[in-house]
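J.: Line order of the protein sequences matches chains A and B. If you read the first sequence in my numbering, its first letter stands for residue 1, the second for the next number, and so on. If you read the second sequence in my numbering, its first letter stands for residue 219, the second for the next number, and so on.
Heads up, some of the hints might be wrong.
As the list claims (entries may be wrong) - Where chain B lies over chain A, by a calculated footprint (3+ residues, C-beta under 8 Å): (1) 85–98; (2) 108–117.
What the hints assert, rightly or not - For each label pair, taking beta carbons as the anchor points, the in silico distance ranges come out as: (3) Thr554/B - Gly146/A: 50 to 56 Å; (4) Val580/B - Leu113/A: 47 to 53 Å; (5) Ala610/B - Val80/A: 25 to 31 Å; (6) Gly193/A - Pro699/B: 57 to 63 Å.
These are calculated hints, taken from the structure and not from any lab test. In this text the structure is predicted, and so the values were computed from the model without any measurement. Quick reminder that beta carbons are idealized off the backbone N, C-alpha and C, glycines included.
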Amino acid sequence: MSALLAIDRLTVRYDSRDVLRVLSLEVARGEIVALMGPSGVGKSTALRAVAALQPFDEGRIVVEGFALAPGPVPPESRLVPLRRRVGLVFQAHALFSHLCALDNVTLALRHVLGQSRSEAEEVAAKLLVSLDVGTRAAAWPSQLSGGEAQRVAIARALAPNPPLLLMDEPTAALDPARRRALGATLRQLSEQGRGLLIATHDTEFARGNADRVITLTA
Amino acid sequence: MIAARTFGVTGLALCLSTNLGTQSAIRRGGELVWGGDAEGGAPFVEADPANPSRVRGFDVEVAERIAHGLGGDRMARFVQVQWSDIDLSVERGDFVLGLSGVEDTPARRSRHAVTLPYFEFREVLAVRPGDAGGIRSLADLRGRRVATLGATIAYELLISARDSTGLIPISYDDDVHPYGDLVAGRVDAVLLDHIIAQRALRRRGGLGFIIVDQPVAVGHYVGVLAYANTALRDSVDAVLREAMRDGSLEQIFRRWGVWDPTQGMLFDRVLRSGPSGAAARVATTGQALAYIPSLARAAAVTLLVSVLSMALAVIVGLALASARVYGAGWLRVATTVYVEVIRGTPLLLQLFVIYYGLAGVVRLPAFLAAVLALGLNYAAYEAEIYRGALEAVPRPQLEAARTLGFSELQILRLVRGPQALRFALAPMTNDFVALLKDSALVSVITVVELTKQTAIYATNVGSWVVPGALCAVVYLAMSLPLARLARRLERRWRPAT
Numbered sequence: 001m002s003a004l005l006a007i008d009r010l011t012v013r014y015d016s017r018d019v020l021r022v023l024s025l026e027v028a029r030g031e032i033v034a035l036m037g038p039s040g041v042g043k044s045t046a047l048r049a050v051a052a053l054q055p056f057d058e059g060r061i062v063v064e065g066f067a068l069a070p071g072p073v074p075p076e077s078r079l080v081p082l083r084r085r086v087g088l089v090f091q092a093h094a095l096f097s098h099l100c101a102l103d104n105v106t107l108a109l110r111h112v113l114g115q116s117r118s119e120a121e122e123v124a125a126k127l128l129v130s131l132d133v134g135t136r137a138a139a140w141p142s143q144l145s146g147g148e149a150q151r152v153a154i155a156r157a158l159a160p161n162p163p164l165l166l167m168d169e170p171t172a173a174l175d176p177a178r179r180r181a182l183g184a185t186l187r188q189l190s191e192q193g194r195g196l197l198i199a200t201h202d203t204e205f206a207r208g209n210a211d212r213v214i215t216l217t218a
Numbered sequence: 219m220i221a222a223r224t225f226g227v228t229g230l231a232l233c234l235s236t237n238l239g240t241q242s243a244i245r246r247g248g249e250l251v252w253g254g255d256a257e258g259g260a261p262f263v264e265a266d267p268a269n270p271s272r273v274r275g276f277d278v279e280v281a282e283r284i285a286h287g288l289g290g291d292r293m294a295r296f297v298q299v300q301w302s303d304i305d306l307s308v309e310r311g312d313f314v315l316g317l318s319g320v321e322d323t324p325a326r327r328s329r330h331a332v333t334l335p336y337f338e339f340r341e342v343l344a345v346r347p348g349d350a351g352g353i354r355s356l357a358d359l360r361g362r363r364v365a366t367l368g369a370t371i372a373y374e375l376l377i378s379a380r381d382s383t384g385l386i387p388i389s390y391d392d393d394v395h396p397y398g399d400l401v402a403g404r405v406d407a408v409l410l411d412h413i414i415a416q417r418a419l420r421r422r423g424g425l426g427f428i429i430v431d432q433p434v435a436v437g438h439y440v441g442v443l444a445y446a447n448t449a450l451r452d453s454v455d456a457v458l459r460e461a462m463r464d465g466s467l468e469q470i471f472r473r474w475g476v477w478d479p480t481q482g483m484l485f486d487r488v489l490r491s492g493p494s495g496a497a498a499r500v501a502t503t504g505q506a507l508a509y510i511p512s513l514a515r516a517a518a519v520t521l522l523v524s525v526l527s528m529a530l531a532v533i534v535g536l537a538l539a540s541a542r543v544y545g546a547g548w549l550r551v552a553t554t555v556y557v558e559v560i561r562g563t564p565l566l567l568q569l570f571v572i573y574y575g576l577a578g579v580v581r582l583p584a585f586l587a588a589v590l591a592l593g594l595n596y597a598a599y600e601a602e603i604y605r606g607a608l609e610a611v612p613r614p615q616l617e618a619a620r621t622l623g624f625s626e627l628q629i630l631r632l633v634r635g636p637q638a639l640r641f642a643l644a645p646m647t648n649d650f651v652a653l654l655k656d657s658a659l660v661s662v663i664t665v666v667e668l669t670k671q672t673a674i675y676a677t678n679v680g681s682w683v684v685p686g687a688l689c690a691v692v693y694l695a696m697s698l699p700l701a702r703l704a705r706r707l708e709r710r711w712r713p714a715t
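Excised from the complex, chain A in its bound form:
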């Protein structure tokens, strides 16, 4: 079976300094892979390269047959297939601060996938309920706790139903109870057939929840 995500000898340099050196990994459908390592080792950089938010210098990234090559990031018009395949949950959540939780989730459904408002709201409400933030649908991002904001951000990334979900330091702002709950959520997502690549420096969380742990060293 071919991998959902294949990263082959990925290298990223800033000002001729390697921030990520020859990373190779694969993520299969239904698999949770943790990318471990200390701060500054290039975990986030790897995720950003997969999401085509930043260029890379060497190597190759393939997401379900869609390949990214070294060099400048292609224009958005050529990235449409990638955008349908990859969801990204940012460390600081990056919720749209002018929209309530529900509208954060419906925005892409309506304006990218062309769903009607009622269709989109139905999908979004279900997602929020499944992530245990159904009651916070009308809240503004500034009114949400760290854990709630993270789950809304997960819902937003999952709304277009991408097979691959990338998460950057998901446990950074969570208390122990929330970390456990997050682990259960991730398992649920993988059981739905998604592949998850999680950048974290939380060893305990990675060991406890990932199918595979890949450790980057400086």
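Dock chain B against the given chain A, drawing on the hints supplied.
T.: Relative to chain A, chain B alone:
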């Protein structure tokens, strides 16, 4: 200009030293300190081309004749003052006698001590040669634009003719540009003193317009003194009578080419009548009320100019900001140059360039030129506000939008724009209130808005107290609700915290 500046310094020095009283100003050093406007130019008062630190003109010589006649080898000493401020300055004691084509009006007589008339002028119409057959009087100017100098008898004539004949009065700050705009086709006629019309025609080599023979009205030039200064006024009157009798006044007028038989008839009438009566204050309540409709109209002009300019500023500002944030390198450079040039030069200069400077290429109507100049000026400031606001939207939110598959345009419309608008709202409101006040500058290109109308009103009633207060109230009535509206919008759009 050099002359004006020199006199300005002298005037300031005199201001500081004349609080001893006006009589001391004339006694000290044997000087008669008189005020006039050298910007008005020949043949009244102008900087001497041979020595710009001196002035010349028939009013200069009249002042010298008066100084001489007052005895004691007095010298006339000139103080530069803006023409429309002569009355206020003479009451302040900046000088004791104002002379510079000062018109004899009932309002002036009621508020100041005024000398006997020493020159008779005719209010004459100037029209383009093609209109010469059809325009003989104000009645022939229905629906046409007629220019004059603000705060003059001619302006009052046009205002009353507006109601009776439906002409459109256009007020200028100077008496040169009306004739230029007449030739250029921006106005259809000019109504001003015959001396000014003849001078303008001479400067144009007798071409471009003709002066209608039949005068619209007749008026007189007088000297103006402070209300309490009737004793000196009576002495000045005595000197003027003497100068009319001994022919010295006639000689002055002949030297400057303004003598005609009507002056002789005026002298006869003056010499037959007794001393001029003490100035009597008349009630001015009616006069003040008469200006209310004009003020309301001017306030509407201010509001309209401001709203249209702001709309233009927002549209152009958005385009400039988008170019600066999203554009290619050369586009960013071009917009940066535009923003810096506009912000680094005075709005007044931009108004002049657009209205007068471009007249050879495109002859913009004054109102349009005002909206363009204000709008393009404020666009530079708006652009900086929008650029700052766009850049204030957190980058991770833009990246999150990209990963969700939005196009750049969708990100701008759905994520970046709405948040930037909220950041921009408060500074935009401040700018609009500033624009409302800056719109007063457009009066220099003949658009009579609130401040200009107030200045005309104040000049004619001889006081700034009531007109100034009324004007302030109207500006506040326009700006305060705007600020309130913006605060309400900000509150509504801001997520509760």
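J.: Confirm or reject the coverage of the segment 85–98 of chain A by chain B under the rule of 3 or more residues with a beta carbon closer than 8 Å to the chain's beta carbons.
T.: n = 10 at 8 Å, threshold three: holds.
J.: According to a criterion of three or more residues whose C-beta lies within less than 8 Å of a C-beta of chain B, is the segment 108–117 of chain A covered?
T.: holds (count 3)
J.: CB of Val580/B to CB of Leu113/A, is that within 47 to 53 Å?
T.: Holds, since Val580/B and Leu113/A (Cβ atoms, about 50 Å apart) stay within the stated range.
J.: When you take the CB atoms of Thr554/B and Gly146/A, is the distance between them in 50 to 56 Å?
T.: With Cβ atoms ~40 Å apart, the hint is violated.
J.: Quick check on a hinted range of 57 to 63 Å for Gly193/A and Pro699/B, using CB atoms only.
T.: holds, 59 Å
J.: For the pair Ala610/B and Val80/A, does the Cβ-Cβ distance stay inside 25 to 31 Å?
T.: Check passed, 29 Å falls within 25 to 31 Å.
This entry does not satisfy hint 3, going by the numbered hints stated previously; all others are met.
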